[in-house]
Each structure stands twice: as structure tokens, then as C-alpha cells.
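Student: Protein chains in written order, with the working numbering: chain A, 480 to 583; chain B, 1479 to 1565; chain C, 31 to 204.
Please note: incorrect hints may appear among the correct ones.
Stated by the list, open to error - List of simulated lysine-lysine pairs, DSS-like, C-alpha gap at most 30 Å:
| hint | chain 1 | residue 1 | chain 2 | residue 2 |
| --- | --- | --- | --- | --- |
| 1 | C | 69 | B | 1557 |
| 2 | C | 181 | C | 195 |
| 3 | A | 545 | C | 100 |
| 4 | C | 69 | A | 545 |
| 5 | A | 545 | B | 1520 |
| 6 | C | 181 | A | 566 |
| 7 | C | 195 | C | 100 |
| 8 | A | 566 | A | 581 |
| 9 | B | 1557 | A | 566 |
| 10 | A | 578 | C | 124 |
| 11 | A | 566 | C | 69 |
| 12 | C | 100 | A | 581 |
| 13 | A | 566 | B | 1520 |
Bear in mind the hints are in silico, worked out from the structure with no lab data behind them. What you are looking at is a predicted structure, and each value in this text was computed from that prediction instead of being measured.
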Amino acid sequence: MLAIDVISTMFLAAGAFFMIIGTAGLLRFPDFYTRLHATGKCDTLGQILIIVGCMTYEGLSFITIKLFFVSAFYLLVGPTGTHALMKAAYASGLPVWRKGDKRM
Amino acid sequence: MIVPFLVVGIIIATTILVCSYRAIYGPGTFNRIVAANVIGTKAIVLLIVVGYIIERPEFIDIALMYAVIAFIGTIIIAKYVERGELC
Amino acid sequence: MKKEGWSFSIALTFCVMFAFWMLLSAWTVYLLEPYDLFKVSSRGILAALIVSFLTYEIFVPSRGENVLLKIRRLIPYIGWELWQIYLATIDVTKRVLGILPVDPRIIEFDTTLRSDFALVTFANSITLTPGTITIDIEPEKGRYIVHAIAKEPAESLTVDQTMQKKVGHVFMEE
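Isolated chain A (complex conformation):
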């Protein structure tokens, strides 16, 4: 077991843990707007950590540059998609959940 294998396994494990937390938030939160908070932030960081783990396993070659472009594209595009969904829901009148309401 080289040192690079251990570092890459730690990044992969951290990425998988944050993906599990994101899905648990999708099932547990009480409202549509709060579920977008959970998935929009946890999925972005989990994806970046898994791709960084794959990049350190590979070393320095052309595949590393391709993986870097995949993760940089998703870092720019993920929050934009979340904002577009939230604006569509707010403009078509979905009710907002306050503390003490029924679960919707």
C-alpha cells in the first residue's frame, strides 16, 4: 500500500459519506425549499471530493485534465440549476413552511 493509495481512498470515503448525508436530507426535511438546500450543497462537495480522489490516484497525465474540467463545469453549473428551480417554484406560488406547521 503506497501513500498515494491511502490518500486517494480517504478522499473517496469522504465523498461517499457526504453523498449519503445529502440523500438523508432529501428524505427527512419537511418542505421543498429546505430539500433544495440539502441536495444543492452536499451533492456539489461530494462530487468534488470523489473526483479529487480519482485525480490523485492517476498522477499527472491527460486524464487528470479531463477530470478537472468535469468538476469545474459542475461547480459553475450546479448552483445555477438550483437557483432556476427555486425561482420557478416561488413564481408559481408554492407555500413556504414556517416552524410549527404540518409536514408538506
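Dock chains B and C against the given chain A, drawing on the hints supplied.
Tutor: For chains B and C alone, kept in the frame of chain A given last:
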């Protein structure tokens, strides 16, 4: 070095299965759109991990193309639900 | 070809697109047929020409005042942004596991940013900060409508105003 990639792949596939509960039972349209978006995101990561398991580097190009197409699909569905027509 | 300086825009877009294509695909072609430069890059030149004729209006030269200074100030801002993504995920983890409460609300505030690029960068940064997501923007007055998940992230945006000062410093407070 195949064992960590196999374990991560099985964890992500299980997460996709759990997330489809919200796609079936979510009350209303918007919860189902969010579940479809999350499944698309996890599918990109799953493509890269499977590319490492069977040792073929061409899967990364497929993941890049699928990321672009999933983003365009989400923006078009959000615009249609907001206005009732596509322009 | 309605705007001025369209030939410079097409040339610059073609160079950027061709360099990107060479970075992503030339290595497989080189391994198959070495030492034949026209065969390696003919597909790249055709693809870059088609794309740059359709989308040349991004690099319009009338928008580029102090571009190098803005790029040099943007790189430490991206580093601070990656640290905020990590803090945001730790905050969501605590709310999922039940350590901190969930108490959402909607807030509105005004800023002094007016150009397109500054408004979009600030909206993306609000989405990546712990506990807030942008809902709507009005471009004339710089007004943001934001959904916050509890009281502390809402107050760090309206009362402290750390992020408005940082973005205003990068784009020279438009």
C-alpha cells in the same frame, strides 16, 4: 486497488435507489423534478467510478457530455413550469 | 455581423476553442498516427470554426476595461469560496442529524452592484454560503430576494455584510 472503487460504486447505486422514493411519493410536481436532478448528478459520478473499475478511460468523455445535457434539461423544465410555454 | 470589432472576436474565439480541443482529444489521435499534423488537427479546425461562427459575441472588446486587474483579484476570491463550500456542507450535516434547528424565512436587501458579471457572481456565492439560496434579482436597483434556513445565516448576510464588501472589492464596487 479495485476494492475501494467497488465499495464506493455500490454505495452510490444504493443512494440512487433510496432517492427514487422521493420521485414516486413526493407530493406535487416540484419534488419529483428535484429527485430527477439528484439522480442525474449521481449518475455522472457513477460513470467515472465504473470507468475506473473496468479500466477503460473513455467513460470520462461520456460523463462530460451527460453533465452538459442534464444541465440543459433542468433549465428547460424550470422555464416551462414557470411560464406555461417555452419562450 | 452587427457589432464593431467582429473579426477580432471571431479570431480570439477560434484560438480558445482550438486550444481546448487540442487539450482534450489530440492525445489519442497522436498515439495512432504520429508525425502527420494535418490529419491530427483537421477535425479540430473544422469543429472550432463551426462553434466560433455561432458564438463569437462573448468576447466583445468594448467590455474589457481593466480585465487583467479583475482576473488577478478573482483568484483569491475563488480560494475563499471553496472554503465556504466546505463550511456549508458541515452546516447542512448538523441540521440533518438534528443538532441545530430548522426555521426557514425569506429576506430582502439592496446592494451597490450593477454590471451583469458582478450580479451573477454574487448570486452564485450566496447559493454556496452556509444556509442561503438566491430566489430572485432585480437588475436596476440591485435588490436580492433570498431564502435562509435559520436566523444566524440570515443575519450574516444583512447585518455583517462580509460578502458584499469582498465582491465589491473584486469588481471595484460597481
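Student: Against this structure, judge whether each hint is valid.
Tutor: Against the structure, the hints come out as follows:
no.	hint	result
1	69(C) x 1557(B)	violated (43 Å)
2	181(C) x 195(C)	holds (21 Å)
3	545(A) x 100(C)	holds (27 Å)
4	69(C) x 545(A)	holds (23 Å)
5	545(A) x 1520(B)	holds (18 Å)
6	181(C) x 566(A)	holds (22 Å)
7	195(C) x 100(C)	holds (15 Å)
8	566(A) x 581(A)	holds (23 Å)
9	1557(B) x 566(A)	holds (9 Å)
10	578(A) x 124(C)	holds (18 Å)
11	566(A) x 69(C)	violated (48 Å)
12	100(C) x 581(A)	violated (48 Å)
13	566(A) x 1520(B)	holds (23 Å)
Checked against the numbered hints above, the structure violates hints 1, 11, 12; every other hint is satisfied.
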